[in-house]
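Visitor: Whenever a hint applies, use it, and build me the whole structure from the sequences.
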Amino acid sequence: MLLVIVSGLALGGLYGMTALVYNVMYSTSKVLSFGTGQFAMVGGICTAWLVLDLHWPLWAGLIACLVSGAAFGWLSEVIAVRRIVAASDEHLWVLSTLALSTMVQEAMSLVWGTDPTPFPRVLPQEFAGIFDQKFWLPMILAVLMAVGLEQFYRRSMVGKLFIAMSEDSFAARARGVATDRMRSLSYVLAGVLGALSGFAGGQLTFADFALGTALGLSGFIALAVGGIGSSVGALVGGAILGMLTSLTAHYFGAEYQKTIAIGLLILLLVVRPQGLFGTTQVRQV
Amino acid sequence: MTHTRIKPVVVGLFALLAVALPWMTGNVYYLHVATLIGVYWVLIATLNLLVGFTGQLSVGHVGLLAIGAYAFCLLAGGQGWNPFLALLAGGAICAVIGLLLGLPSLRLPGFYFAMATLAFGLIVSELALAEQWLTNGSVGMPAPSFPAPFDTPGGFYWLVLGIAGLVTWMTANLARLMWGRAMVALRDSTVAASSVAVPIYRTKLIVFVFSGFTAGIAGGLYATSQTYITPDAFIVNLGIYFFVAIIIGGRGVIIGPFIGAAVLAAIPELVGPLAKYGTFFYGLILLIVVLVLPGGFGELIATLAAKLRREPQSATSIEPDLPSLRNAVRGQKA
Numbered sequence: 001m002l003l004v005i006v007s008g009l010a011l012g013g014l015y016g017m018t019a020l021v022y023n024v025m026y027s028t029s030k031v032l033s034f035g036t037g038q039f040a041m042v043g044g045i046c047t048a049w050l051v052l053d054l055h056w057p058l059w060a061g062l063i064a065c066l067v068s069g070a071a072f073g074w075l076s077e078v079i080a081v082r083r084i085v086a087a088s089d090e091h092l093w094v095l096s097t098l099a100l101s102t103m104v105q106e107a108m109s110l111v112w113g114t115d116p117t118p119f120p121r122v123l124p125q126e127f128a129g130i131f132d133q134k135f136w137l138p139m140i141l142a143v144l145m146a147v148g149l150e151q152f153y154r155r156s157m158v159g160k161l162f163i164a165m166s167e168d169s170f171a172a173r174a175r176g177v178a179t180d181r182m183r184s185l186s187y188v189l190a191g192v193l194g195a196l197s198g199f200a201g202g203q204l205t206f207a208d209f210a211l212g213t214a215l216g217l218s219g220f221i222a223l224a225v226g227g228i229g230s231s232v233g234a235l236v237g238g239a240i241l242g243m244l245t246s247l248t249a250h251y252f253g254a255e256y257q258k259t260i261a262i263g264l265l266i267l268l269l270v271v272r273p274q275g276l277f278g279t280t281q282v283r284q285v
Numbered sequence: 001m002t003h004t005r006i007k008p009v010v011v012g013l014f015a016l017l018a019v020a021l022p023w024m025t026g027n028v029y030y031l032h033v034a035t036l037i038g039v040y041w042v043l044i045a046t047l048n049l050l051v052g053f054t055g056q057l058s059v060g061h062v063g064l065l066a067i068g069a070y071a072f073c074l075l076a077g078g079q080g081w082n083p084f085l086a087l088l089a090g091g092a093i094c095a096v097i098g099l100l101l102g103l104p105s106l107r108l109p110g111f112y113f114a115m116a117t118l119a120f121g122l123i124v125s126e127l128a129l130a131e132q133w134l135t136n137g138s139v140g141m142p143a144p145s146f147p148a149p150f151d152t153p154g155g156f157y158w159l160v161l162g163i164a165g166l167v168t169w170m171t172a173n174l175a176r177l178m179w180g181r182a183m184v185a186l187r188d189s190t191v192a193a194s195s196v197a198v199p200i201y202r203t204k205l206i207v208f209v210f211s212g213f214t215a216g217i218a219g220g221l222y223a224t225s226q227t228y229i230t231p232d233a234f235i236v237n238l239g240i241y242f243f244v245a246i247i248i249g250g251r252g253v254i255i256g257p258f259i260g261a262a263v264l265a266a267i268p269e270l271v272g273p274l275a276k277y278g279t280f281f282y283g284l285i286l287l288i289v290v291l292v293l294p295g296g297f298g299e300l301i302a303t304l305a306a307k308l309r310r311e312p313q314s315a316t317s318i319e320p321d322l323p324s325l326r327n328a329v330r331g332q333k334a
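Protein chains in written order, with my numbering: chain H, 1 to 285; chain E, 1 to 334.
Heads up, a few of these hints could be off.
As the list claims (entries may be wrong) - One side of the interface only, derived from the structure: several residues of chain H facing chain E at Cβ under 7 Å:
1) L32
2) V85
3) S96
4) T102
5) F220
6) T259
7) L264
8) V270
9) R272
To be verified - So these bits of chain H aren't anywhere near chain E, every CB distance computed over 12 Å:
10) V6
11) W93
12) Q105
13) V177
14) I266
Derived by calculation from the structure, the hints in this document are not laboratory data.
In this text, a Cβ means the ideal position worked out from N, Cα and C, and glycines have one as well.
Guide: Rendered as structure tokens:
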């Protein structure tokens with residue numbers, strides 16, 4: 001039973017990190033990218049391939065993982081977001097990020113195959129039940145990431161610019177903020193954080209090409225439950241969803257996980273559309 | 001107005017060509033591909049009403065297709081119902097499920113709705129694998145074929161053609177009349193549409209239920225055309241294919257998505273080596289169309305046709321009426 005709770009929280013950490021990645025991109029561009037989960041997938045597969053197949057040392061694998069995430073994040077801004085945001089058609093970014101996400105997933109499966117492969121051990125630790133690194137690594141990293149992002153938003157100049165853009169992009173531009181460059185930067189940051197979450201959760205999920213879509217959906221549910229734009233909400237939403245998923249799998253069987261998760265999403269959105277920690281936006285005109 | 005005379009001729013020629021296809025090609029495989037395009041079209045035609053006209057991005061229609069296919073196989077194969085009755089029952093079941101799915105999810109904004117339908121598609125394929133007592137799990141089940149005149153490849157092709165024609169006619173009627181205006185209006189501006197008394201939620205819901213119904217019909221036809229169904233046949237990628245067909249064909253045009261569906265279905269089937277890269281290319285084509293040609297090929301063709309007819313572009317024809325303007329200004333001054 002304890003194992004069920006711990007693995008649920010670990011999954012919740014992974015979902016929470018994905019929700020944080022959504023938030024970073026949403027703050028500067030108001031785009032919820034379909035490819036958010038793919039950062040973790042790309043990072044995880046890259047690391048597993050470099051470390052296990054090519055026998056790179058682990059630190060080099062981690063660096064390569066982060067670099068691949070940064071490159072993918074930057075590319076997704078350049079290819080799928082920049083022109084769409086400039087054209088300001090609110091439906092098109094769903095399509096362009098969906099297209100890019102599909103392409104990346106297919107390319108990864110064509111090159112590295114469709115079977116999940118194991119992920120290397122990060123720390124030299126014997127398997128230790130509920131205290132194993134595959135459980136606490138995503139949990140701790142999720143909390144660290146949330147705290148770090150909050151500090152980043154509040155203390156650093158760049159973080160404050162992100163906040164300014166999320167409140168009013170035009171006003172920020174009028175005040176001399178290089179909004180295009182900031183948007184690129186936020187996508188690079190999102191790519192790095194996403195790849196890092198894939199690295200942290202790799203031992204839990206394995207390096208699997210289908211991880212991206214599943215994680216994108218779960219991370220989005222965590223985000224919607226917690227409320228868009230809130231770091232605490234992302235963590236809490238992730239933890240709720242992770243626990244629910246894990247308990248469902250324990251009591252009813254793994255095949256009902258998604259049904260329960262989407263049930264939670266729809267129930268919460270009907271009762272409280274802005275999420276648990278979100279702020280309401282009533283103005284439509 | 002030459003195009004009003006041209007249009008029926010083109011449609012008639014196309015219909016004649018479509019009906020005559022089984023005699024023209026002796027190749028059973030080509031006929032199978034043509035049948036498959038027709039089956040997809042039954043689903044895509046009304047999904048176009050939802051995605052192209054109403055602007056609701058449903059990625060998970062493959063779930064409704066799967067439910068329709070399983071309902072058809074269970075009722076016509078297991079329970080021994082008349083296949084036509086089972087086909088209608090499958091459509092009705094999908095309409096009800098579409099209603100249940102649409103009631104909460106159509107209240108959500110764009111990306112939320114896309115995610116909810118994506119999740120629905122994933123749930124259905126998960127449950128089709130898990131509920132072995134109903135679906136045989138990954139083993140799958142055989143699909144019954146239709147009675148006598150429709151049991152040959154040619155006969156089944158004509159049946160699909162008939163249903164596809166009927167669905168196209170219904171779709172075109174809906175799109176052309178008041179309903180279509182309401183859909184386009186609420187797609188372009190929900191606020192403006194509701195201010196002129198378009199019932200936003202009800203319109204979306206009715207379109208969604210209608211598209212659910214034909215998705216169920218398409219599911220039954222799909223099962224028969226494949227003769228055997230497994231959960232693997234209904235992966236989410238198929239839903240993305242439907243979606244891409246509509247977007248590259250052009251949102252808000254009836255015939256555009258048909259071209260998209262035909263091209264996308266025919267290329268991997270006819271060019272063997274491409275099948276492996278199929279989904280990758282769907283993604284690539286979607287990306288290119290969204291970036292370069294947001295209106296899809298339907299709009300491109302419409303623009304070219306207008307150029308060919310030398311009709312003046314309506315956007316450039318706004319000229320100020322200078323004399324009356326001058327009079328008005330002078331009148332005000334005097």
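Visitor: Next, verify each hint and record whether it holds.
Guide: Status of each hint after checking the structure:
Nearest Cβ of chain E to the Cβ of L32(H): about 5 Å, under the 7 Å cut. The hint holds. Because the smallest distance between the Cβ of V85(H) and any Cβ of chain E comes to about 12 Å, over 7 Å, the interface hint for this residue is violated. Checking S96(H) against chain E: minimum C-beta separation of about 5 Å stays under 7 Å; hint holds. Interface restraint check: T102(H) against chain E, minimum CB-CB distance 4 Å, threshold 7 Å, status holds.
Annotation: F220(H) was flagged as interfacial toward chain E, and the flag holds, the nearest CB pair being 5 Å apart, inside 7 Å. Among the interface hints, the one on T259(H) holds; its C-beta lies about 5 Å from the nearest C-beta in chain E, closer than the 7 Å criterion. Using the Cβ-Cβ criterion of 7 Å, the hint placing L264(H) at the interface with chain E is not satisfied: the shortest such distance is roughly 11 Å. With 7 Å as the threshold, the beta carbon of V270(H) comes within range of chain E, its nearest partner Cβ sitting at about 6 Å, so the hint holds.
Below 7 Å, beta-carbon pairs count as interface contacts, and R272(H) has none with chain E, the closest being about 13 Å; its hint is therefore violated. At roughly 25 Å, the least C-beta separation between V6(H) and chain E is larger than 12 Å, which holds for a residue marked as non-interface. For W93(H), the shortest C-beta to C-beta distance to chain E comes to about 9 Å, within the 12 Å cut-off, and the non-interface label is violated. Distance check for Q105(H) against chain E: the nearest CB is about 8 Å away, which does not clear 12 Å, and the non-interface claim fails.
Every Cβ of chain E is farther than 12 Å from the Cβ of V177(H); the closest lies at roughly 25 Å, confirming the non-interface assignment. The non-interface label for I266(H) is inconsistent with chain E: the shortest C-beta to C-beta separation is roughly 5 Å, within 12 Å.
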